[in-house]
Amino acid sequence: MAQIFGPSSNALARTILALVGVAAIGLAATLNELQRSPWVTRQGQRPDQPVPFSHKHHVQGLGLQCQYCHTSVEKSSYAGIPPTRTCMNCHAQLWTNADLLEPVRESWARGQSLVWIKVHDLPDYVYFNHEIHVNKGIGCASCHGRVDQMPLMYAQNSLQMEWCLDCHRDPAKNLRPTSEVYNMAWEAPSLDKPVWCAAGDARTGTPTAQSVSCVTKDPKADAGLAESELTDVAFMDAPSSQHLHKFTSQDELGQFLIHSYRIRTPRELSSCEVCHR
Amino acid sequence: MSSDMHNNANHHGAKASLETSIAAAPKTLAMLREELKAVKGKRYWRSVDELAGTPEFQAAVEREFPHAVQEWVDPVTRRGFIKLMGASLALAGLAGCTKQPDEPIYPYVKAPEDLILGRPNYFATAHPFVTGAVPLLVKSDQFRPIKIDGNPEHSYNQGSSDALTQATLLDLYDPDRSQHVTCRGENREWAAFTEELRTNVAASKDGTGIYFLSATITSPTLARQWKAVQAAYPKATLVQYDPAIAGTTAEQGITVQYDLAKADVLVSLDADFLSGAAFPGFHKLLRQYAARRKDPATINRLYAIESTPTTTGMKAEHRLGLRASEIPAFTAALAKAVGVAGVDAPACNWTPEQKNLLAVLARDLKAHAGKSVVIPSLYQDPSVAALAQAINHLLGNEGATVFYVNETVHPIPSQQAKDMRALVGDLNAGKVGWLVILNANPIYSAAADYEFAAAFDKAKTVAHLGSHVDETGQLAHWHIPAAHSLESWSDARAYDGTVSIVQPMIDPLYGGKTAHELLQLLLSEPSQSAYEAVRETWKPILEKQGDFEQNWRKALHAGWIEGTAFKLAPASPQPRQSRVPQPLPKEALEIVFRPDPNIYDGRWSNVGWLQELPKPITNLSWDNAALISAATLTRHGLAEDDIVELSVNGRKVNAPVIVAPGQFRDSSSGLWALGRWSCRHECRIQRISDSHFNRPALRCWCAQKDRR
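Chains as they are written, first to last, in the working numbering: chain A, 2 to 278; chain B, 2 to 709.
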């Protein structure tokens, strides 16, 4: 009886084995990429909304403050989507006949919600709290991007776990003074653009964010003092215990704010139960 | 069914268990006694089975652990399982790779002023209950109540609540609640009912033939409305009936208040004041009792004389199990020993142990005159309460640990048992034209000896206001869905008399109506809402304290109206003299019925939280049983879980028996209130096992017999 497998079978078998290996790796790589792709994460996608609301127009053009609409961002886990009434505060008088605003007027007249599509949608098993981020010096733009330059809202970031952990493992790189949280154009301090901060006494019971004051303009220049006197000079209108520190890099500022705002250690921040409760 | 308990056996407790805790098998009584003789100090056990070390119990413990799980030991099952599930298991991780669907956001059109989304609001209200309202602080998320707790600023309960109160939250969201006004099973409009009721009542001119059967009225506003109805229709009749208190010393309201803060020696005469809100003043009594025990220097001493094992008995330093019929005689003997004059104590052959406790107790009470308290049961013969009052009076406890009040939490005190009997008489005599049942379920809960169900059909028209289409709702001509107490405006008084406004946490989920709205239909302003009615009641009182609107808001915010607590009466009322009954003969088996510690009189039998909650001592859940002592078990040749037929005066009921450690011999206790047949959960249990105690109780059973 002739052999079933000839000598060439060995080569064939090896090739198939190799191809299976390559296919498995390829599949894994594809799935990995797919999982991170905007198709899955919706990063950068602009869903159809009932009204093509432009953050660019309202924030950059008109200068509305974030909290005019997102009222509970400092007080609650949920930043808040404005009620129709907030729209009507202005649009009862402005653009009263604009076709684009018809859904708003209809919502107001009928008493039925405008139904928006969630752009920043975390899975339900993730606990996220706006309040703590905003009050500890994470700016809106750090997560949401330059909303003031978005004619239509989209997610700047993937909101995936690796993205959250990237910051939770090293919060210093994104921290800014709480006075700058709503500043869309905030830039990290550099040699050209330093930041001056003073930490108040660590009085018990004082909200941490309020015991730190920062300025981006040279306080000495304002006070008419010479450049050489810059370091460790008391604020002119602050208690003498407050000393100005000049920061010229994000890392320095971040470390200072971690200390002043009493931000927990990366080990604690990246613990599972922080987000999965 | 297991009869679990946790015996924190002190000296006396161990002795008691030695007598009464006997397992059915396999050890004999004598063996167990021998074994326990060697036990010194504390020994903890969860059930009689564990104490006896039965193989069944060992097997049950084994099964708790996964190594014994049957499916994984059987090779065929495991292989088959893996084969079938292999692909699913392999692909399970892929489920995480799916895209999330688009999620809509529905913002408000006009946002409410005080709401920060994501943050709860808290509102003060109260849970009206027959033994006194429980002041509450309700946590509410987006105006949906999500958690009930006691009002921490209220002087009565200081933040504490109880299982029954907490579980009313689940009752609110019960999907089985009735949702429509119905007439003979067909949906109708509320307006159709109001029209019908008003026309018929008006046609009666003076209210002849118009009867109201209500759960005990606890709302001063409802009482005011009833008085107005009565003024307009003098012949209309109100019957209040709550099975848990009808015919007891509590039916006309409790006029005695205890203050355990100054009590060194506490005596419970079958009074289970540490178990739950079924005992008036539970929240305060429990707090004061426990506060004294934190520091060894202030520790109090509790004696419990009881007929069925309760939490109070288990907490007591000295517990004496007696048959319920012996407790009046024992109380009389105690009163005599303490020195109360003119006590006619029935002759009784007390055992040496009982005699000893009697002597010790009398001595201890006399030594702590003015610093002791004797608390009688609600469910005992009236002589027990009268004798307890006499003992407290003699010892000078009045004004120190015992106080009396002239008012009660029941604004219209009535003799419920007598009134109910009269109602059944009127029904049978054909005098009842309209019977309006308010928040009660008498077909289920009226004691069987009233023969209420048989008389029920003789009413020309019956309207039932209730939260569920229950036994009564199914038979009534009209059914009106009732608003839950978390959905309605009302008012109620706590144990100390302080008035709380009951304010709604949410609009009625199913368009429920309140008794206020129903009674208001018969008055000159028939469309006045419950809100307006409650405001009208308290306007005179709040106006006296200043601006009405401001004080009204203050009362709502705080959860009570200032200055409404009962005035403590200067002197004790005249003790009601009553003959002390002779105990039943020793050979007679007696039965005691108590409200269920979890579902009370059955009103919460559709609340899973309470059904799931193990009952104290027995650890029974979802079920009911006759509790008997091991001695009785042996004497009648029974084993645990056997079904027995119990009969009293010709009425019979089948029930499984379980051994309750501490149950006195020749005595059996049953809980009311299980075995409701219109209740979804109960039906499920019946299919599983026929051994279910499927009748509410002997007291109630015959009423249901022909409807099953």
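Where hints are given, some of them may not hold.
[As the list claims (entries may be wrong)] Derived lysine-lysine pairs resembling BS3-like cross-links, with alpha carbons at most 30 Å apart: (1) Lys236(B) / Lys316(B); (2) Lys206(B) / Lys461(B); (3) Lys372(B) / Lys316(B); (4) Lys432(B) / Lys206(B); (5) Lys119(A) / Lys316(B); (6) Lys76(A) / Lys140(B); (7) Lys228(B) / Lys545(B); (8) Lys119(A) / Lys459(B); (9) Lys84(B) / Lys111(B); (10) Lys206(B) / Lys545(B); (11) Lys461(B) / Lys514(B); (12) Lys555(B) / Lys587(B); (13) Lys111(B) / Lys57(A); (14) Lys76(A) / Lys555(B); (15) Lys111(B) / Lys263(B); (16) Lys206(B) / Lys76(A); (17) Lys228(B) / Lys372(B); (18) Lys84(B) / Lys119(A); (19) Lys137(A) / Lys140(B); (20) Lys540(B) / Lys228(B); (21) Lys111(B) / Lys76(A); (22) Lys218(A) / Lys119(A); (23) Lys228(B) / Lys206(B); (24) Lys514(B) / Lys228(B); (25) Lys419(B) / Lys372(B); (26) Lys57(A) / Lys100(B); (27) Lys119(A) / Lys111(B); (28) Lys119(A) / Lys221(A).
These aren't lab readings, by the way, just hints derived from the structure by calculation.
* Asked: What hint numbers does the structure not satisfy?
  -> 1, 5, 8, 9, 10, 12, 15, 16, 17, 18, 22, 25, 28
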